[in-house]
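Chains as they are written, first to last, in my numbering: chain A, 1 to 260; chain B, 1 to 218.
Just so you know, not all the hints are guaranteed correct.
Claimed, not checked - Estimated spans, in silico, between C-beta atoms of each pair: (1) A:Y36 with B:D114: 47 to 55 Å; (2) B:S125 with A:L130: 46 to 54 Å; (3) A:L171 with B:Q97: 49 to 57 Å; (4) B:G113 with A:A27: 36 to 44 Å; (5) A:T233 with B:D114: 58 to 66 Å; (6) A:T233 with B:N142: 29 to 37 Å.
No lab work stands behind these hints, which were simulated from the structure alone.
Ideal Cβ positions, reconstructed from N, Cα and C, are used throughout, including at glycine.
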Amino acid sequence: MSMTSGLNLIALQMRVVATLVLRETRASFGTSSIGYLWAVITPAVSVGLLFFIFTMIDRQAPYGDSLALFFATGILTIEFFNKLSHTLMATFDANKALLTYPLIKETDALFARLILISATYLVIMVLFYLCLYAAGMADLPAHPEKTLAAFLAIMALGFGFGIVNAVIASLWESWNQIEKILTRPLIFISGVFYVPSRLPSQATDILWWNPVVHLVEWVREGFYPNYNSSVFTPEYPLFLAMILILVGLGSERLFRKRRN
Amino acid sequence: MLELKNVVKSYKMKGVRKRILNDVSFQFPEGRNVAIMGKNGAGKSTLMRLLAGIEQPDRGRVLRDTRTSWPMGFSGGFNGSMTGLENVRFVARLYGQDTEAVIDYVKNFTDLGDSLRLPIKTYSSGMKARLAFGLSMAIDFNCYLIDEITAVGDKSFRLRSKEVFQDKLSHASVVMISHSISTIREYCDCGVFLKDGDLYYFSDIEDLICVYQDEMGA
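Extracted from the complex, chain B is given alone in its bound form (with noise of 0.2 Å):
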């Protein structure tokens, strides 16, 4: 369950408000994939966060299952003084996951090995969106909030994410941001054009991005 209920959001920037959702209630259907479409600047990754709970509302509710991931490809989360196992068992015990089971899951994934025993901000920035990529795999999400799919790792990392990925969606669903027209093809089967404060509502995905070609177009 992803709901907004007459969420309002804005912006103060140099004295200038931006408003980014004006007013919306919108009910995220159920077992779909959906597409957030939007020019740039419309808001999308500020509605991501506020569907991640990361972002409050100025007004409104925002409703959400327990089992919904934090933004993927976001490695916020972790404390840097704190070891990346440390970060993982402190996860899987929030989620109420098999501790043990997720830690052989992250390291047969990450391949981080060793690096694992030391603090995070020993870490570069691939290292950490891996253990990140790896670490919302292992917990049983039932919808994948996604901000840009960004690569990460090497090839081989790549096509093995990507497998996993792809695996997951067979019982998860997933909210996803892009910009590639390809990409949301492949992932999603229904979305929402964010513009001027208002959500449009596509239930077919070809719909959706005629409009998002038009509006880039014009």
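In isolation and in its complexed conformation, chain A is listed as follows (with noise of 0.2 Å):
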């Protein structure tokens, strides 16, 4: 293959995500940009109603001096972390009557879904930090460059367990409940309640192996000059996403022929 009809390639697959994209966008928030806000407002009312409920019961916060920012940082990184999940899981029976253009493979539509999520969740969360910074509710993160790079921790473990997810779903169709039922508890195990660090040894040790707690905590390194997590573990969560990624996208290649 000549170096030309490669740049060619490229772009063409370029010009194809970027178009599944726009046809996602058009599909998940409906033609009125009330669609879009909905996106917004839907994780802002869960931690709006966990803030009501600790405040009324004259909690503090586990850590640092706000409650909602404490929240927000377990709570969007687990709803970022599930949409992805759950989304990219949905892709290939979404996405059948797509095969029909030759030009799409199905491995685009990942791409696309991936893309539009993560964009979506990326306003998402600057809209809402920069509300409660506006309301003094949060300082504006200590260390940017680890809340970015946490973000796109999220996105590449959201990633590896959408993909290996299809791929399941696609061969055994009852994985879409039992995927449910697993990830249901994720919000107990990951530390959005509680500083995991300030458990007992017993408890982390167990609480280690989830790999939405890592991520959890890199937020929360980010956001706070000191948090100094004795749990957090960056090698882990990007190793398993890694992993999954390429075990997924592999899988995916070898049961394509099986699903059509």
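Hints given; two lone chains; assemble the complex.
Next comes the structure, spelled out in structure tokens:
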């Protein structure tokens, strides 16, 4: 293959993915701007509700001064991760009709969803944290570069889980339900309501294996000046993400024929 | 470029395995209009779907240009909850065409008017077929895949379709399935005969038609 045709193919692939992103945007948010607004409001309501309950029972923030910021670092992280994992899982089912156009491969649809969801959550998070900042309920991130790295890590891990889910779900339909049950306790075991480092070591030894804990801790390391998590090991979620993405894309190729 | 490389394709229905292509390698001649003929059930439509990339071969590879059309007359690629315009825009972007020019062309050609602003699921099958045909004419394909030309629309639309299509064929080629010998004669100058999992190539269309008539008569 010559150099130019290689470049042409890359340009073609980028065009296809960009086209799919636009189509997915239309499909997920509808034509009105209200649709996009809902995407921002839903996670805000979850954080608001927790904030309200904890204020009512007069609890202090487990760390820092702001209850809202502490919950937001946990909840937004989990929501972003879950959204990626769930939406990618449904990719193959939702996009069967697209395969009429031979230019589109199923992996293009996966990338398109990754891009759309990540962009949406970037907007949600920036808006949300800015609102907290404006309301005096949060400081700007103490280590912005760490916060950004945390965002990318959530993206990678959510993508990895999402592709693997998509492949399993395409071979075994019940996986759609099972995955939902398995991820339900995530909000309790990922340090949303508490500081993992302050738990007894018997507990942290087990919690450590939940990759999402590391993502939540990563975000907090970025926001607070001296969070110093004793649980946080960035290599673990990154390594896991890499393995899952490789296994996911590899098995997608392997089982492609069986699917259609 | 359209090429089959060691392609094997079979179906299993009620425990009976039916071979459609048995290790077939064939390069479609560049710039020529190729007919695909064979008895009912020989697998002509499956071959077309393999060429279009809608189905994958069991083994082997199908190589195609990025400017090979989807099988014409096939409107399965439309998203029912999106409007006609949105679907047109999507396909235009996908093939890297000037979106507005494609929309103008489709508007003029299909006469669908305000219906283009409605979701596809509200369309009649005739409207869908007109949109699909208009859209495939608006995009610069260099090879059109046609599985039985079916007439859509009223007489004036049919005449216009034929005119536009003839014009397209001056700089694009066609791979066509048809049971009508007159249609095959009109559009194709060579062809393949599909029988028992093998492809037989005839560089003169009349030879192919002879074989086809023999087979049908036998």
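Range hint compliance [Cβ, L171 (chain A) to Q97 (chain B), 49 to 57 Å]: Given range 49 to 57 Å: violated, Cβ gap about 37 Å.
Distance restraint evaluation - T233 (chain A), N142 (chain B), Cβ atoms, bounds 29 to 37 Å: 54 Å, violated
D114 (chain B) and Y36 (chain A) - C-beta distance against the hinted 47 to 55 Å: The hint (47 to 55 Å, Cβ to Cβ) is violated, given that Y36 (chain A) and D114 (chain B) are roughly 27 Å apart.
Range hint 46 to 54 Å (beta carbons of S125 (chain B) and L130 (chain A)) holds or violated: At 51 Å between Cβs, range holds.
Assessment of proposed distance window 58 to 66 Å (beta carbons of T233 (chain A), D114 (chain B)): Distance hint for T233 (chain A), D114 (chain B) holds at roughly 60 Å.
G113 (chain B) versus A27 (chain A) beta-carbon gap, inside 36 to 44 Å or not: 25 Å, violated
Violation of the numbered hints given earlier is confined to hints 1, 3, 4 and 6; the remaining hints are satisfied by the structure.
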